[in-house]
Amino acid sequence: MMLVDIAKKVLRVSKALWVKSPAQVDVRYTAMHHPARYRGEHRIDYETCIGCDACNKICPVHAITMKQLPFKKQNIVPEVNLSVCIFCGLCEDACPTKPEKSIVLSGGRYDMLSGGWHADQNDFWVHVDVPQSYIDSRLEAEEAARVKKELAAKKKKAQAAAKAAGKTATKASHDGSPDFTVGEKI
Amino acid sequence: MEKIKTLLEQFETEYVEDYKKIWIKTKLSSSNDLLAVAAALKKEGLRSLSTVSPTDFPEREVMELNYFFEDLRTKRNLWLKCDIPRALEQCEIESLTPLFPSASWHEREAYSMFGVRFLNHPDLRPIIVSEDFVGKTPFRKDFDWEKHEKDVTNNIQMIVDAFKNEQANNEINLDSESSETVLNWGPTHPASGPIRLRIHTDGEDVISVDPDIGYVWRALEYLVTKKDFVGAIVAVERLCFMDNINSMVGYSMAVEEIAGTKITPFAKWMRVLLGETARMSSHFMGLGGFFNNLGLHTLFMWNMDIREYFLDFLESYSGARIATAAIEPGGVRYGLDMTMLDELQKALNKFDNGIDDIYTIFVKNPTMKMRSYDVGILSTEEVEIYGLSGIVARGSGVETDIRIDEPYAAYDEVDMKYITQKDGSAYDRFVMLFEELKQSVKIIKQAKKRIEDGVASGEFNPTKDHMVKVPKKLPKGEAISRVEWARGEVLMHLVTEEKAKSPYRLKLRAPSFNHTMMLDHLLKGQTLSDIPLVFCSLYFCQGYLDR
Amino acid sequence: METLIQAFIFPGLLYVLLWTVGLFWFFRKFMAPLHKRVGPYFNGPAGSYQTLFDLSKLLTKESITPHGVNPYLFSMMPLLAVITAMLPAAFIPWTEHLPVVVTSYGLLALIVLIGIEPFLLFLTGFGSNNKYSFLGGIRVLTQAISMETAFFLAALSPALLFGTMNLSIIVEQSSWLSFLILLPGFLLYFIALLGLLEQPPFNIPDAEQEIVYGFYTEYSGTNYFLLKLAEFAEFMAVFAGAVTLFLGGYKGILFDGYTFLFIKMLLIAVVMMTIRAATPRITLKQMLSFSWRYLVPISLLNVAWIMMAKILFFGGV
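Chains as they are written, first to last, in the numbering used here: chain A, 1 to 186; chain B, 1 to 547; chain C, 1 to 317.
Incorrect hints may appear among the rest.
[To be verified] List time: in silico DMTMM-like cross-link candidates among lysine to aspartate or glutamate, alpha-carbon distance up to 25 Å:
1. C:Lys36 / B:Glu308
2. B:Lys464 / A:Glu47
3. B:Lys227 / B:Glu204
4. A:Lys15 / B:Glu61
5. C:Lys285 / B:Asp356
6. C:Lys285 / B:Asp423
7. B:Lys469 / A:Glu47
8. B:Lys136 / B:Glu221
9. A:Lys67 / A:Glu47
10. A:Lys73 / A:Asp111
11. A:Lys8 / B:Glu204
Derived from the structure by calculation, the hints contain no laboratory data.
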């Protein structure tokens with residue numbers, strides 16, 4: 001009879017009262033499951049970033065904008081708008097830096113935007129804080145490299161001039177500087 | 001197949017060629033022959049029309065229409081193309097709805113999106129698009145989205161005016177003394193999700209149902225054309241993110257076919273493993289949702305408990321639980337770490353422990369059976385003419401499953417059979433969900449064992465074999481791919497131009513579209529209480545309806 | 001003075017309010033392990049303050065009166081419903097020294113007051129200018145008429161057995177023998193109780209998935225709080241009626257007193273909740289056919305059984 005059948009189902013459901021509930025952890029403070037590949041908040045390393053713009057090009061929703069730095073080369077770093085980002089992880093796949101990538105989502109923070117009021121739109125960005133000391137050291141290094149290159153160029157020019165004055169050989173110089181002493185070749 | 005070729009010889013065609021194993025591809029020289037060809041095909045046995053998809057070629061001044069005919073019994077399929085002029089006044093063709101009732105809404109969609117007019121269509125109204133897009137054919141290549149989106153206030157005002165107009169006039173023809181009325185079973189209803197049903201009732205008896213869809217329209221088919229081939233997976237996976245993996249598999253297969261790359265066996269088995277896990281995640285929600293509409297929330301809660309363990313496995317593998325973006329053209333996106341399979345084993349153990357209770361209490365529940373065994377009955381005949389697929393088709397006894405008919409990924413090596421139920425009522429579809437859940441677990445166990453054996457014997461390298469390089473620029477071509485998604489058969493049609501960096505046209509055919517067409521047919525003469533029951537037993541996803 | 005205390009504290013207004021709050025919390029907390037959930041957790045020990053917070057939230061929200069409603073039906077009916085639902089508390093014998101109103105027609109008063117409630121609820125549905133509320137009101141009326149017949153017949157069986165309608169005397173004369181004789185009557189009363197209180201499997205007027213929220217649809221804020229208070233006060237009245245009529249009221253194992261009444265009422269609530277977690281809803285037509293084809297004839301048979309038992313065991317008619 002149907003009533004007996006219903007009664008049996010009711011008894012079977014009541015067995016759930018003796019099963020320990022799986023909800024044990026207060027997930028406001030600890031995560032139940034946080035694997036190594038979990039796509040959390042972005043961590044951007046401005047020192048290893050080579051400024052290739054690959055993450056910007058592959059982002060499907062245009063959440064990345066590049067911040068300009070005052071260097072000659074490798075002068076852009078990414079910044080991410082968290083209210084547009086869909087956490088797909090393609091930027092991390094596209095980054096060519098080795099051994100660690102410059103933009104990493106795996107294993108990132110999961111409690112990004114929760115808690116309290118956000119009065120400012122800037123709270124929803126992942127900004128890169130480049131300290132002045134780093135900028136100064138990079139500019140110095142660039143300056144030093146530029147000076148070194150100029151000296152090396154001068155030296156080579158002086159060498160080539162001395163060589164050409166010392167010989168009347170027709171060996172043309174391949175360093176790009178015009179050679180006005182090779183009139184005999186013609 | 002030979003019979004189809006002889007049939008096509010009677011008409012003028014540009015070419016007739018074999019395409020994959022069970023398809024024939026052909027192009028008609030003149031669009032006037034379409035009706036005759038369709039009638040002949042129907043007599044031959046190809047009685048299901050899967051979808052109608054136009055492609056816009058502005059340089060050649062043509063609109064190319066693609067028709068996909070299927071025969072569910074003998075597994076013969078035909079891909080028919082024909083050209084019609086592109087200019088709006090001449091862009092018309094004969095409608096196939098009188099012969100193939102499943103074409104009704106697909107033609108309405110082609111009309112709204114591309115402006116193709118179908119002559120002799122019984123009910124050619126716009127569908128999916130909101131009022132501000134009506135008459136503007138948004139998917140043509142010369143539509144200016146930026147300009148349209150600038151005028152937001154005006155667009156919203158148009159939508160509101162149209163709705164108020166409809167509400168003021170929808171009962172005008174009804175007798176004000178009788179008990180007939182028009183109800184909005186609407187988008188803000190506890191059981192409906194984002195869809196609106198206009199129900200014409202007499203007291204509590206339903207006279208007719210008219211679905212109004214388009215509340216989740218994201219124009220994904222257009223969005224995909226603006227991203228590159230890898231970035232498009234985030235658009236394709238958001239069709240319905242409960243089972244996102246199988247949608248991505250379909251898209252990746254189409255890209256790989258055009259590019260001409262073959263993926264490694266390891267990637268194929270990983271696609272099977274991930275696909276079945278996602279299918280289980282979707283079925284758990286479907287089982288629970290069925291009982292939710294009967295007022296009993298216990299099954300949903302118990303299912304969520306088991307489902308969390310499967311989502312833990314997906315999270316360990318890809319980094320996200322639901323919108324995983326784990327399948328890319330060329331294979332699967334991440335390598336496999338063998339400790340992740342231990343998490344999968346934990347999930348499988350939890351499933352085996354809990355499934356007996358679910359079977360005894362809910363599948364064999366006498367009250368549920370009393371409510372649903374004579375409601376929403378679909379016969380085999382109706383499955384064929386309306387182009388239904390997935391659980392709905394197999395619940396009525398039709399043996400169709402793309403994993404067996406046209407195997408993709410590693411399904412040709414998987415040991416599986418057709419599972420069907422006989423009667424086709426709402427109860428049978430519910431039992432089908434449960435049986436498919438158990439079948440998926442068996443397939444997962446096979447895939448897991450195969451991957452473990454392969455890695456142990458050195459045949460697979462789990463960290464390197466997962467992806468093959470696909471070129472960034474694809475040659476000109478087109479491809480179709482079909483997958484067995486959790487809720488039905490998904491057909492994707494991809495068209496690329498020469499040296500393309502992004503798709504030219506991607507057509508996504510939603511099984512839920514055909515299923516929602518059945519609501520009016522199934523609910524005539526039933527009561528209000530049966531509406532959520534039939535609605536949920538058809539197991540469709542509103543996100544995929546609207547795309 | 002004593003009347004004042006009885007009217008406002010026990011078993012008056014404050015008692016009914018406390019009972020409502022406590023029962024609401026008990027329902028939620030007991031249902032949770034059946035669903036493998038936790039239930040109210042954060043506020044107070046085991047979430048017991050949660051109901052108070054919910055009630056105070058409801059009282060501070062805006063009571064929206066939609067355009068086009070009938071103002072008398074919409075705003076006054078909730079008040080009438082609350083008063084009607086609280087009145088049976090005066091007739092139930094809570095301990096040996098109460099009830100508040102000693103009358104030899106206590107059972108009749110109980111039945112009438114419980115039975116008039118659905119009509120008031122129908123009027124609320126009728127007065128809201130909403131198709132869904134109206135459908136909900138019609139369903140309440142249909143269900144109430146069908147279930148009340150069986151309810152009355154089952155509730156009258158102790159009166160037939162003991163020959164009196166005085167509730168205190170019924171409790172005095174109850175014993176293990178009378179409990180066994182009245183067992184079929186108790187089962188019938190329980191099933192009719194599910195129908196009258198709109199609990200699964202008979203929660204048809206309150207079918208969220210079909211008609212949004214039935215006649216509650218247009219209510220919000222204080223109005224809604226009053227309707228819910230009426231519903232839970234009715235719970236209390238019906239449960240107390242069940243315990244008094246069939247389960248022996250305040251009689252206990254070692255001593256008599258209020259505690260046993262309380263425990264027995266909670267027992268009935270537990271059984272009702274477990275049935276709620278295991279049975280889906282049935283349709284209106286199926287409920288009507290079940291009630292008129294099975295429930296009412298069996299109640300009439302039950303009346304015949306009571307008369308026979310009275311002749312056999314209690315000596316004479």
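Here is how each hint holds up against the structure:
About 13 Å separates the Cα atoms of C:Lys36 and B:Glu308, which keeps this hinted pair within 25 Å; it holds. This hinted pair does not check out: B:Lys464 and A:Glu47 have alpha carbons roughly 29 Å apart, beyond 25 Å. In summary, the hint linking B:Lys227 to B:Glu204 is not supported, as the alpha carbons are separated by about 49 Å, beyond the 25 Å threshold. With a CA separation close to 69 Å, the supplied pair A:Lys15 and B:Glu61 exceeds the 25 Å bound.
With a C-alpha separation of about 32 Å, the suggested pair C:Lys285 and B:Asp356 falls outside the 25 Å cut-off, and the hint is violated. Taken as a hint, the C:Lys285 and B:Asp423 pair is honoured in the structure, with Cα atoms around 23 Å apart against an allowance of 25 Å. Between the alpha carbons of B:Lys469 and A:Glu47 the distance comes to roughly 30 Å, so the proposed pair goes past 25 Å and is violated. Using a Cα cut-off of 25 Å, the hinted pair B:Lys136 and B:Glu221 holds, with the two alpha carbons roughly 16 Å apart.
As the CA atoms of A:Lys67 and A:Glu47 are separated by approximately 14 Å, the hinted pair is consistent with the 25 Å bound. Among the hinted pairs, A:Lys73 with A:Asp111 is inconsistent with the structure: their alpha-carbon atoms are about 35 Å apart, more than 25 Å. At roughly 33 Å between alpha-carbon atoms, A:Lys8 and B:Glu204 are farther apart than 25 Å, so this suggested pair is violated.
The earlier numbered hints that this structure contradicts are 2, 3, 4, 5, 7, 10 and 11.
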